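Enquirer: So you can see what is in the structure, the chains are spelled out below.
There are 2 protein chains.
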Amino acid sequence: MPLAKADLARLRSLQEKKHREALGLFVVEGEKVVGELLAAGFPFAEIYATEEWAGRAASPFAAVRRGSDFAKASTDKTESAPYLVTVTPAEMARLSHYPTPATVLAVGKISRNPLAPGAANRGLTLALDGIQDPGNVGTLLRIADWFAFDRVLLSPDCADLFSQKVINASMGSFARVKVHTIPLAEALAGVTVPVLGCDLSGEDVHALKPLRDAVVVIGSEGRGISEALRPLVTYYVTIPKFGGAESLNAAVAAAIVCDNLRRVTR
Amino acid sequence: MPLAKADLARLRSLQEKKHREALGLFVVEGEKVVGELLAAGFPFAEIYATEEWAGRAASPFAAVRRGSDFAKASTDKTESAPYLVTVTPAEMARLSHYPTPATVLAVGKISRNPLAPGAANRGLTLALDGIQDPGNVGTLLRIADWFAFDRVLLSPDCADLFSQKVINASMGSFARVKVHTIPLAEALAGVTVPVLGCDLSGEDVHALKPLRDAVVVIGSEGRGISEALRPLVTYYVTIPKFGGAESLNAAVAAAIVCDNLRRVTR
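Residue numbers (this note's numbering), protein chains in the order written: chain H, 5 to 270; chain B, 5 to 270.
Isolated chain H (complex conformation) (with noise of 0.2 Å):
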C-alpha cells in the first residue's frame, strides 16, 4: 500500500518549528542520527524505511515492529513499539528532506518536561541564552551528556531542540540529556547555588573553586549573556587569552568552562 499523500505532507511539514509544534511531532533522518537515537533508548513512534535498512535493523531492534497500514499505526495508541512502514526508494525520495535521501527516516513525539521548583539548585545546569546555531545547540548537548550535566537550559530564542540539525549536532545525546525550554530570568529567578557566567571580564576559570551544585550560563557570541539575566549571575569566568582572537565560540568556550569545573569537582 504506497503512502497516502496526506501522510507526505504530514511528514515533509514537520520541517518546519510550526508544524512541529502544532502536530507535536519532529522528524530525524539518516541511518546515524535514527541509529544513535534507537540506541540510546528514544521512543520514536513512527519509522519509515526501506527494505535495505528494514532488513539489517530487524535483529539489533527486535521491539520495532513491520507494518505497513499506517491509518492502523497511528490510531493504535496503545503501542509502545514504533511502527515500521517499509517504503520504496521512489517514497523515501519524496518523504525526504535531502538531496541525497536517506534510507530511513524516523517521527518521534515532543515532550516538553517542565523544570521543578528549586531543581536548578541541585547538581549542575547548563544554562544557554539565546544560542540560536542549531550545530552549536547540538553541541552545547553534547558537552553537557560528556561532563554529566545534571540539566540544560534552553531560552525560548535558542535554536529549536527538536531541529534536524540541533539533534544531528548533539550526536545522540539528544536522547540522553535532560533538556527544558524556559525563560532563564524565570528558570534561575530562586536559585540559591552559585550562577556562574561566562564572559570577557570575569575571574580566571583556572582559579575556580569545587561546586557540587551550580548553574553555567553561556550567552550567545554577538550578544553575550543578556540585560534581564545579567542580575542573576552571581559571578563571572573568563578563559585566558593569549593571542588575537577576539572570543570563542559559544560551545568552545562553554567545554573549557565544564572542563574546568569537572577538574575540580569530579
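Hints are computed from structural coordinates only; laboratory data are not their basis.
These numbers were taken from a predicted model, which means no experiment stands behind them.
Hints may contain errors.
Note that the list lumps identical chains together, so a pair holds whenever it fits in one copy or between two copies.
Cross-link-like lysine-lysine pairs, in silico, DSS-like; alpha carbons within 25 Å at most [said to hold, decoys possible]:
{"id": "1", "residue 1": "182", "residue 2": "169"}
{"id": "2", "residue 1": "169", "residue 2": "22"}
{"id": "3", "residue 1": "213", "residue 2": "245"}
{"id": "4", "residue 1": "21", "residue 2": "213"}
{"id": "5", "residue 1": "36", "residue 2": "245"}
Starting from the known structure of chain H, fit chain B onto it as the hints suggest.
Expert: Positioned in the frame of chain H, the structure of chain B alone reads:
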C-alpha cells in the same frame, strides 16, 4: 561601466576549489567577514561593493581606492591597495554566492607558505589530521589564535583553508594565524619536541606538564588520528569523561587540550 560577463563568471567560479587553485584567488562575501579581515590587515586584491558599503568604508579603510575601471585594476600589479569597484545591487546579486546578496565581496590572493625544516620544533603547533568540516577547521583556527599557537598544520584532506565557510568560521583568525597545508607525516618526520595526540585512551589531560614547544595533533571525529601519523605521536592525552557522550567535537576537544596546555605553560 558595468561589470563584464567574464568578470562575473570568474568571480562566481571562485566558489569551487579547483577554480581557486587554477586562478590563485579566493573570495569572501559579507560585511562581517570582509570587515574582520580588513581590520586584521589582510591585503585583499579586489573589493566589489555597493555604494552603501563603499560610502561607509571610505574613512576606516583609507587604503582602499575607489575605481570603476576593472581592466586597469587587474593589470596594475604595482598597487598594493585593493581596487574598490562600486557595483549596483543588481550586479551584486549576480556576483553573490548567497540567496540574499551582501553589500561587499572581496578577492584575495592564495598564498601557500612552505614549512621551514625544523619549524615545528619551535613553539606550539596545532596539527589537524583530516578535519573535513569547514566550520570545524575555521573554529580550530580561532582556537589556535586565542591560545597564540605559532602555527597550524592542515593535512591535505582537511577542508580547504580558502573556502568561505572556513574563513567565516575563523572570525578573522584566518588573517592572523600562520597556516601550512602539508602532509602531516612529512611535516612531523624530524620533530624532536613532544607530539601530543588527542584520543579516548590516553593520559589525563589534567596531568599535563608545562611544554614550551610541542605539537598537538587533532584527528577527525569519525576516524581519529590516522594510522600513518600514529608512530610519530609521543603520547596521547584524554579529556576525562563523566557522562554518556561517546566523544566530543574535534574543535571542542582541541580547545580543552589547548586550555590545559596554556594553564601550565603561560
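Enquirer: Now tell me, hint by hint, if it's right for this structure.
Expert: Against the structure, the hints:
no. : hint      : in the structure
1   : 182 - 169 : within (18 Å within a copy, 32 Å between copies)
2   : 169 - 22  : within (16 Å within a copy, 29 Å between copies)
3   : 213 - 245 : both (20 Å within a copy, 19 Å between copies)
4   : 21 - 213  : neither (41 Å within a copy, 48 Å between copies)
5   : 36 - 245  : between (37 Å within a copy, 22 Å between copies)
Checked against the numbered hints given earlier, this structure breaks only hint 4.
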